[in-house]
Every structure is written in C-alpha cells, then in structure tokens.
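Peer 1: Sequence:
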Amino acid sequence: MTILCSEKMRKLLHLFKSTLIFFLFINLVISTPPEDPIKCFSKNTNCTITNANGIFPDRSICQVSKVIYPTSEEELVLMVALATKNNMKMKVATRYSHSIPKLVCPDGQKGLLISTNNLNKILKIDVVAKTMVVESGVTLREIISEAGKVGLTLPYTPYWWGITIGGLMATGAHGSSLWGKGSAVHEYVVELRIVSPSNFQDGYVKVRSLDESDQDHFNAAKVSLGVLGVISQVTLKLESLFKRSITYKSKNDIDLGDELISFGRKHEFADVTWYPSQRKAVYRIDDRVSINEHGDGLYDSIPFRPTLSAELGIVRIAEEIQEAKRDAKGKCDGAKLITSTLTTLGFGLSNNGVFLGYPIVGFNNRMQSSGTCLDSLNDGMITACAWDSRIKGQFYHQTTFSIPLSFVKYFIEDVQKLVNLEPKSLCGLELNNGILMRYVTASSAYLGKTGDAVDFDITYYRSKDPLQPRLFEDILEEIEQIGLFKYKGLPHWGKNRNLGFVGAIEKYPNAQRFLKVKAEYDSLGLFSSEWTDQVLGLKEGVTILKDGCALEGLCICSQDSHCAPNHGYFCKPGRIYKDARVCAYNDVKKTEGQSVVKDEL
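Using full-length UniProt numbering, you'd call the opening residue of the sequence shown number 1 and step up by one each time.
Because the hints were derived from the structure by calculation, they are not lab data.
Treat the hints with care, since some could be wrong.
Straight-line alpha carbon distances no greater than 25 angstroms define the calculated DSS-like cross-link-like pairs of lysine-lysine that follow [said to hold, decoys possible]:
(1) Lys-181 with Lys-488
(2) Lys-110 with Lys-85
(3) Lys-251 with Lys-325
(4) Lys-39 with Lys-392
(5) Lys-124 with Lys-237
(6) Lys-110 with Lys-121
(7) Lys-572 with Lys-417
(8) Lys-251 with Lys-417
(9) Lys-251 with Lys-124
(10) Lys-249 with Lys-280
(11) Lys-516 with Lys-85
(12) Lys-121 with Lys-237
(13) Lys-392 with Lys-336
(14) Lys-66 with Lys-206
(15) Lys-266 with Lys-249
(16) Lys-424 with Lys-486
(17) Lys-424 with Lys-329
(18) Lys-539 with Lys-516
(19) Lys-329 with Lys-392
(20) Lys-66 with Lys-121
(21) Lys-409 with Lys-488
(22) Lys-417 with Lys-578
(23) Lys-486 with Lys-516
(24) Lys-206 with Lys-336
(25) Lys-85 with Lys-280
(26) Lys-249 with Lys-124
Pair ranges (Cβ atoms, derived) [claimed, not checked]:
(27) Lys-124 with Ile-382: 35 to 43 angstroms
(28) Asp-202 with Lys-121: 25 to 33 angstroms
(29) Gly-148 with Asn-117: 19 to 27 angstroms
(30) Gly-148 with Ser-340: 29 to 37 angstroms
(31) Lys-121 with Lys-507: 55 to 63 angstroms
(32) Lys-124 with Asp-333: 50 to 58 angstroms
(33) Ser-290 with Ser-340: 32 to 40 angstroms
(34) Ser-72 with Thr-343: 46 to 54 angstroms
(35) Asn-117 with Lys-417: 46 to 54 angstroms
(36) Asn-46 with Pro-423: 51 to 59 angstroms
Predicted, not measured: the structure shown is a model, and the values here were computed from it.
All C-beta atoms in this analysis are idealised placements derived from N, C-alpha and C, irrespective of residue type, glycine included.
Please construct the entire structure, taking both the sequences and the accompanying hints into account.
Peer 2: Encoded structure:
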C-alpha cells in the first residue's frame, strides 16, 4: 500500500470526521438492500453461497449444485424426501446468511441448498394464549412488528432484526438479561416442527412436532447448528406489550470487574459497552416501566442504519493507512471521535423523533431491536449496510464468547493488565464501538449456554490480504485465547474464527445427548458437513496449519511461519497468559552483528 504523506492524511481524517458527523445527525430512510448471498450461474443450478460479509473465515468458496425455494411445509417435505432418496448433502440457507462460520456450506460441489426465503408467513397469532406460529424464514423484524400490532411482544431478542427465526435458533442467538429464562430466543419457543431425512419405509422423510413433553428431542432441536434437518414452523410464547426506560451512563472502568455482575442482576435488559483503551464503560440502564409512563421512544441503532458508501470507504481507507503506518495514535483519536459522537446522539435513541436526553421511554417493540439499513429502496449503492461486501466498507473479524459469571472479574482484570502494558492496543476495537457485554443465562438446550454468563462481543480490523498482520496482533490474540481457554469461554455458534471452536464441544456436558439425537434424526449425515463434524468433535481439522494461519484465526501459532516473519511478526508466548501463543511484532534490525528489537509503537 502506498503511504500517504502526513498532510494528505490530515485532510483525509478531516473529511472522515465531517462526513461521519453529517451522517450521524441526519436520518436516512433509504438504503440499497443487501445482496442475495446465493448466486447461481444457470437459474437455480451451479451456485455459490457466502455469508453477509461476503467471505468465510477461511476465505473458501462454497459451491452447490442446486438451490430450491419451498413455499410450504408440504413442498419442503417432498424436496427433502427426494434429496434423501438421491443421497444428496443438504444445508439450509436464510435470507441474509448472517452466520459467519461455514454452517451453510454442504460438502463438495454437488450439495443442495434449501432456502427459507419463501417460508416467510405468520401462520397464527393467538391473542388469548399469547402465542405466535411462524414459518422458519420469518425475520425477527416481522415477528416484532406483527406481535406489536395485536398488543403482544417477544420480550427478549438480539439487537439486530435481520435474522430469521430458523437461523437464530440454529445458533442460539440472544439479547441481554439475567432475569427469568434469560435472553435467548429459543427459551421462548414452546413448539417446533422439523423435517428430517428418513428411510424407505417412511418415504425418505419424517416430520416431527416437538414440544416440552419430549424434553430430549426438544432440547436438542432448540439449538441445532442446522444438522438435524429443516425447521419448518416455530411457535413462540409472547407477553403483553410493555414499556421500557433506557438510560446510558458512562463511568471509569476501574471497578468494572466488581460492578458488572451486580449491574446485570439489578436491571432486566442491562448491557455494558467497554472501551478499554479509553478506560471507560457505558452502562445501559434498561428496565420495564408502567404502561402509563410518558414517552414514545425508538431505538434505531446507528451502526445498523443505512450508511453513506462514500463515508464507509473513507473510514476503511483511513484505517488501512493507520495499519500501514502503525499509527496507533490515529486509531485512538478516531475511536474517541466515534464514541463521543455516539454518546451525543444517545446511541440511536430518540423520543418523538429527537434525542434531548435520558431517560428514553417507549414500547418494547420499538426499543428492543433494529436494522433500518435493510429497508429495501434501492438507491444505487449510495447508502448500504456498513458490512456490504459490494462496497469498500467494514471488513472485520468477530470474536464472541461467553464467560461464566464466576470468572468474569478475572477476565476483565487480565484485559486491563494488557491495556496497562500497551495503552493504545485496543483503540482498534473502539473504532468498532468497543466490547459489547451482554448477559446470558443457563439454557435447557443441549448446545445452549451451560450457565449464567457474560457474552463478550469483540469486532476488529481484518486485512484484505490474509498474510498481512494487524497492529497489536498479539494483544488481540492473547485476549481471544484468555477468554476461550484460560476461562473456558463458550463460543457463539454463529460468529468467531476457526480458533473459537477448538475443543468447544468438550465444554458442553450434554453434547453426547445432542449427538445421539443427531444420529437418530439424520443417520446418513445428509445435513452435516465436514465443518459441522469438526465443530462437533466428530472429525479433526477445526484448525488449518499453513503459512500465516494464526493471523486469520485458523490456528494457534506453533512456529514463526504461522505468523508473518517477513513483516516482523513471530510466534511468542502471551504477555500475561503464558500458555497463549501469539504473533508478536519485533522490528529486528541487524547492526554490526547485534539485534535491536523495537516493540509495538
């Protein structure tokens, strides 16, 4: 990359700041819709599929022979039966394909994709029983909207509404709460129907209706990674629509480890966003209030709004330059600008269309989730979702794990120790709005959370060049390994690099029960793939050993070639977690036979 002179850099950053602030203060209501993750070269045959970011963690291309689009459970049954008779590998594809790992990719190039795009109907709402029956391709946004129209609500949801009910159940997606059953949507599923392969006597297909009367099968199907078959229908238990009051409060992070658990127990919908290099945390004080409380609040998350493509390009170019120049200070300055602007704008909260201060009070269906960049007026890519792969926008890794409450304080203290050693090391995370910490509870699902925990969601820069290391590569890798291995963090099934799934299945005490149900539902493994078999511990190969593999989270380095020795990155023990192996930067210059070592700036 050509390195711009300092004057050009200053002008670029000034333009970035101006466009960012301009964008954040206006409310764009148009956006180019996301691209279909499925592309076919001949109608619905000879196809490829990717995720919403346009690339899998290992950068492989997933090819399939055919895509089918059932419009009803009856059509779905016929399609699964035919594929089973022909011994075809199958995978389920959702509208926006938001799972980062290769859960959607069947083996080889002759597999079949079953898209749930047209399984998108609300089948029944029972206002008296407070239940809703939906097909598996219905999005979270549609569930929230339709329930709200009849005075009902799904109490806890993920913050991003562009996921389908089938997709979020497959990966255990959740919101934030330590109260009641917790924030995972699958805990509010009371019945589901699933279509799986079967034998000749059953016509090669079996449809099962599962509920709490069959705990074994129900607990396996509630979080399944898509390996049990195709969920066709889901029945959700709702509540009467209620109001919430939200206030964001910023504090120094010195007591974060001590306060985090008590804060989550005190506030029903609490979360915390942490900016470690700025030494501060933003606490979301979020609780139910009386339905008579005044307010018509709306939460329209700023990162999920349609964003000017030009602005996204400027932001990305600026960070690429900072990476090339090893400009940690530039990243820190940009992070402070972004966080201060988000704070000024109430993080996307408004009351009657404006933000004038806290608290913001509104109905749950207007406060719980957002994603207006999905609005489908096509503006020719002038605006888009920030991660749209068709533009020069966000390109990132996402590491997400949940740590048991008993270990949370120690994990936070370890991160703080690393920041004390390298104060600017996590400014790159703060450019992506810091570390989001959400609360999750123990789940009855066999592949759900095994205990009450805090979920740490960490998003950070990824180079377009897989062999190009990041600034403070070692600090980020050490945090990842501390969370996953020292404190036995559970990976989010729909996020993470390959490294996140090393030994993961061993952390689930009910894993064997899940695998027993899997063998019963799909004895031929038609809905399984090499990747899911690896994640579930049935095959070796979650990690991939090759030059530069540690840079992409494909492996933990065990030799220098797994890092980037030509760029000065070598495999070393962690700074505070000595069992970690990370790619650390040493600028080694030979001067008259002596080595002079220059650490990260």
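Peer 1: State for each hint whether it applies.
Peer 2: Comparing the hints with the structure gives:
About 23 angstroms separates the Cα atoms of Lys-181 and Lys-488, which keeps this hinted pair within 25 angstroms; it holds. Annotation: proposed proximity of Lys-110 to Lys-85 holds, straight-line Cα distance about 15 angstroms (limit 25 angstroms). Only pairs whose Cα atoms come within 25 angstroms are accepted, and Lys-251 paired with Lys-325 is rejected, the gap being roughly 32 angstroms. In summary, the hint linking Lys-39 to Lys-392 is supported, as the alpha carbons are separated by about 20 angstroms, within the 25 angstroms threshold.
Proximity of Lys-124 to Lys-237 is assessed by CA-CA distance (about 12 angstroms); at most 25 angstroms being required, the pair is judged to hold. For the hint pairing Lys-110 with Lys-121, the CA-to-CA distance comes to about 30 angstroms; that exceeds 25 angstroms, so the pair is violated. Of the pairs offered as hints, the one joining Lys-572 and Lys-417 holds, with about 18 angstroms between alpha carbons and a cut-off of 25 angstroms not exceeded. Taken as a hint, the Lys-251 and Lys-417 pair is honoured in the structure, with Cα atoms around 19 angstroms apart against an allowance of 25 angstroms.
Our distance criterion of 25 angstroms between C-alpha atoms is broken by Lys-251 and Lys-124, whose separation comes to about 46 angstroms. Distance hint between Lys-249 and Lys-280 is fulfilled; the C-alpha atoms sit about 10 angstroms from each other, no more than 25 angstroms. A distance of roughly 23 angstroms separates the Cα atoms of Lys-516 and Lys-85; the hinted pair therefore holds under the 25 angstroms criterion. Straight-line distance between C-alpha atoms of Lys-121 and Lys-237 comes to about 17 angstroms, which keeps the hinted pair within the 25 angstroms bound.
This hinted pair checks out: Lys-392 and Lys-336 have alpha carbons roughly 23 angstroms apart, not beyond 25 angstroms. Our distance criterion of 25 angstroms between C-alpha atoms is met by Lys-66 and Lys-206, whose separation comes to about 22 angstroms. For the hint linking Lys-266 to Lys-249, the alpha-carbon distance of about 15 angstroms falls within 25 angstroms, and the restraint holds. Between Lys-424 and Lys-486 the alpha-carbon distance is near 24 angstroms, which keeps this suggested pair within the 25 angstroms criterion.
Using a Cα cut-off of 25 angstroms, the hinted pair Lys-424 and Lys-329 holds, with the two alpha carbons roughly 7 angstroms apart. Among the hinted pairs, Lys-539 with Lys-516 is consistent with the structure: their alpha-carbon atoms are about 16 angstroms apart, no more than 25 angstroms. The hinted pair formed by Lys-329 and Lys-392 meets the criterion: a straight-line CA distance of about 23 angstroms does not exceed 25 angstroms. Between the alpha carbons of Lys-66 and Lys-121 the distance comes to roughly 24 angstroms, so the proposed pair stays at or under 25 angstroms and holds.
About 14 angstroms separates the Cα atoms of Lys-409 and Lys-488, which keeps this hinted pair within 25 angstroms; it holds. Annotation: proposed proximity of Lys-417 to Lys-578 holds, straight-line Cα distance about 14 angstroms (limit 25 angstroms). A distance of roughly 29 angstroms separates the Cα atoms of Lys-486 and Lys-516; the hinted pair therefore is violated under the 25 angstroms criterion. At most 25 angstroms may separate the alpha-carbon atoms for a hinted pair to count; Lys-206 and Lys-336 exceed this at roughly 55 angstroms.
With a C-alpha separation of about 58 angstroms, the suggested pairing of Lys-85 with Lys-280 is violated against the 25 angstroms cut-off. Between Lys-249 and Lys-124 the alpha-carbon distance is near 40 angstroms, which puts this suggested pair outside the 25 angstroms criterion. Remark: the range hint 35 to 43 angstroms for Lys-124 to Ile-382 is upheld by a beta-carbon distance near 40 angstroms. The given range of 25 to 33 angstroms is respected by Asp-202 and Lys-121, whose C-beta atoms sit roughly 26 angstroms from each other.
A C-beta distance of roughly 24 angstroms is found between Gly-148 and Asn-117, which places it inside the suggested range of 19 to 27 angstroms. At about 33 angstroms, the beta-carbon gap between Gly-148 and Ser-340 stays in the expected band of 29 to 37 angstroms. For Lys-121 and Lys-507, the Cβ-Cβ distance of about 37 angstroms falls outside the hinted range of 55 to 63 angstroms, so the restraint is violated. Between Lys-124 and Asp-333 the Cβ separation comes to about 54 angstroms, which falls inside the hinted range of 50 to 58 angstroms.
Checked against the hint of 32 to 40 angstroms, the pair Ser-290 and Ser-340 passes, with Cβ atoms roughly 33 angstroms apart. Checked against the given bound of 46 to 54 angstroms, the beta carbons of Ser-72 and Thr-343, roughly 48 angstroms apart, stay inside it. One distance hint, 46 to 54 angstroms for the beta-carbon pair Asn-117 and Lys-417, holds here, with the actual separation near 48 angstroms. As the Cβ distance of Asn-46 to Pro-423 is approximately 52 angstroms, the hint placing it in 51 to 59 angstroms holds.
Comparing the model with each numbered hint stated earlier shows that hints 3, 6, 9, 23, 24, 25, 26 and 31 do not hold.
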